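So the sequences go chain by chain: E and G.
First residue of the first sequence: 1, per this note's numbering; consecutive thereafter.
First residue of the second sequence: 1, per this note's numbering; consecutive thereafter.
Hints in this document: simulated from the structure, not taken from any laboratory.
All figures in this text were calculated on a predicted structure; none of them were measured in a lab.
Any given hint might turn out to be false.
Stretch by stretch, here's where chain E covers chain G in the computed footprint (C-beta under 8 Å, at least three residues) [to be verified]: (1) 60–71; (2) 96–110; (3) 293–302.
Pulled a few chain G residues facing chain E out of the computed Cβ check, cut under 7 Å [unchecked claim]: (4) A116; (5) V276; (6) T280; (7) R282; (8) E284; (9) F285; (10) G288.
Think of the CB as a built atom: it goes at the ideal place given N, C-alpha and C, for glycine as much as any other residue.
So the chains spell out like this:
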Amino acid sequence: MPYSFDIYVIQAIHGVVYGMLLFLVASGLTLVFGMMGVLNFAHAGFYMLGAYFAYSVIAWSGSFWLSLLVAPLCAGICGAAAERFLLRQVHRFGHAYELLLTFGLFLAIGEIVKWFWGNSPLPVSVPESLSGSLTILGATYPYYRLFILCCGVAVLMIVAVLIMKTRIGIIVRGAVSDAEMVGALGTNVPLVFTGVFAIGAALAGLGGAIAGPFLGTSPGMGFDILTDAFVVIVIGGFGSLFGALAASLMIGVLQSYGVLMLPRFALVFQFVLMALVLIVRPQGLFGEKE
Amino acid sequence: MKAKIVALAACAALLILLPYVLPFTHLNMVIEIAFFSLFAVSYNMLFGYGGLLSFGHAAYFGIGAYTVAILAKHYAGLPLPLTLLFGGIASGLGGVLAGAFCVRLKGGYFALLTMAFNQFFFAIALKSRSLTGGDDGMSLKRPDLYLPGLGAVAMNNILHVYYLVMFVVILCISVQWYLSKTPFGNSVRAVKENDERAGFIGYNTYLTKVALYASCSFFAGIAGSLFAFFQQFVATSSIDAAMSMQAVFMTFIGGVGSFFGPILGAGVYLYFTDWVSRITDRWEFVLGVLFVLLVMYARTGLMGFADIDRIKRALSIRKEGNR
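Build out the structure end to end from the sequences listed, making use of the hints.
Right, dumping it as C-alpha cells:
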C-alpha cells in the first residue's frame, strides 16, 4: 500500500470524530424511540433547525459559544411544542401514524428553513479560539474536530449520568419498559414524554450547531445525517444508548477507511454492515430480544 | 351485477375516447397518473392490506426504470413487452432479496430497514456510473411494439403510448385486485390482523410477508418500467427517498386500505402538486403541512369522505353523545 502508517491513524481519528457527531444525533433519536416507540423523522428537522439557529445567533452576536447554548434550547422548545400539540393527538392511532406525522413535520421544517435562510449553503466559520491546529505524527489536525470529539464525550457522560444515577433517569428508564405502570405509580407520564422528546430535539439541535462549521449548513444536511443515524440505531439496537455509541464509532471509522480504500463504494458500507448485523443479531448489537 | 358490467363498459369507453377529447398536455398528465396509480396501488397492497409500512418502495420503482433503460440501450432488439416484464422481474427479485431481511422486523423497525435498502439501491445507482450514468442519468429511445399480424406500432406517437400504458396498468391493477381475493389475499389479511394467531392457525407468516413484499415490488417495478418508457429518461430521482414518499402521499391522500383510493390519490396528488407549484415555490411546505393535517384529521383519505355509511355512523354516535 502506498499509504504510510500515519494516514491510518489520522483516518481513524477522522472516523471517531464523525462517529461522535453521529452519536450526538443518534442518542436523541434512540432515547425517543426507546421510550415512546416513535421513530422520529422530525429529528433531522431539529438537527437542521439547530444548525440554522446557530448560524443566525453567530451572525447576530458573533459568539459561537452563545450559539451552542441558544440553538439547542430553541430546538428543544420546538420539539416540546411538536410533541404536545401534534404527536400526542395521534398517539392513540398507533405507531404508523406517529411516524407519518413526524415525516410530514420533517418536510415542513425543511421548507421553513429554506424559506427563512434560502436554498444555498451558508458559510459558518470555525470560532477563532478553535481555529488552530495540532500536529499529530507529522500531520496537522484542526482543533475544531477535536472539540467535536470532546463535545461528544461530554454529552455521553451527562446523558449517562442523568439516566443511570438520577431520579429522573429512573423514571425515564421505568417509562421505557412499562409506561402504564409508571403512570399508575403517580408519575405524570405525558409530561415525561414531552420532556424526553424535547431533550432529544435539543440534542439534535446541539449536533446541528456543532456540525455547521464542520459539515456545512445547507438544506440537504438533515436527510444526509438522518439515514446514517437510523443505521446507527438499527445496528446499536433500538433504545440502547451504548449501542448507539458503539455503532456510531463503527460507522464513523468504517466510512473514513472506506473512503480511503474503496472510494467508489463509500455510500454503501454502512448498509452492508447493517445487513450483516441484522442477519446475525436482528435486535441489534445491544438491543434486547422482544 | 348488470350495473357493474355497464359501469365497467362506460369506464372502458371513456378511457378509449379520452385522448380524442383531452388537450395534448393533459394526455401526458393522464399517462403519468396511470403509472403512478399502479405504483400507489402496489404500495397500498403492501401497507393498506398487509400492514407493512414501507419507506423504501421507490427502490423497486427505480430498479424497474433502470432495468428498462439499460435493456433498451444495450439490447435494443428485445421485444417491448419482454423489456417491460424484465423491469418488473428485476424489481421482484430485488424485493425477494430485501424482503427476506425486512419482514423479519415489525412496525417502525420494518420502515427503517426498507428505507435503508432504498438508500442502498440508490447508492448503487448513483455510483455505477458506467452502467447508469450516475448523477447525469441515462436517456433511452422508446422501442417500437411489434404486434403479430399488425406489424410495428410506432411509439413516437403519444396516442399509442397512451393505449399501451393504459393496457398494462389496467392489466396489472386487475391482477392485484384478483390477488386480493385469492386465499393468498386472505392470508395476507390474517397476518395483518394478528400475525401470532395466524401463525398458530398454521399460516406461514414469514413466507406470506415475503411473497407479498416481492409481488408488490414486482408491480412497482412495472410502474417504473412504464415511467422509463414514457419519460425516455431515467435519473436517480426515480429511486430516491422523495419518490418513496410520493407513494406514501398518493396512497394516503386517496385512502389507505381502500383498493381504488390510491388511484384517486395519484390523480389528485399529481394535479395538486402541478397546481401548487405553479402558484408558489414553497409547494413542499404546503405538502408537508397538508400531510400533517391529513394524519391528524383525515386518516382515511378522500375515500373516507366517500364512505357515506361511516359518516352516518359517526354522526349518530355524536348525537347519542349529546343526549
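Evaluated hints:
{"no.": "1", "hint": "60–71", "result": "violated (count 0)"}
{"no.": "2", "hint": "96–110", "result": "holds (count 6)"}
{"no.": "3", "hint": "293–302", "result": "holds (count 4)"}
{"no.": "4", "hint": "A116", "result": "holds (6 Å)"}
{"no.": "5", "hint": "V276", "result": "violated (12 Å)"}
{"no.": "6", "hint": "T280", "result": "violated (10 Å)"}
{"no.": "7", "hint": "R282", "result": "holds (6 Å)"}
{"no.": "8", "hint": "E284", "result": "holds (5 Å)"}
{"no.": "9", "hint": "F285", "result": "holds (3 Å)"}
{"no.": "10", "hint": "G288", "result": "holds (3 Å)"}
In the structure shown, a violation is registered for the earlier hints numbered 1, 5, 6, in ascending order.
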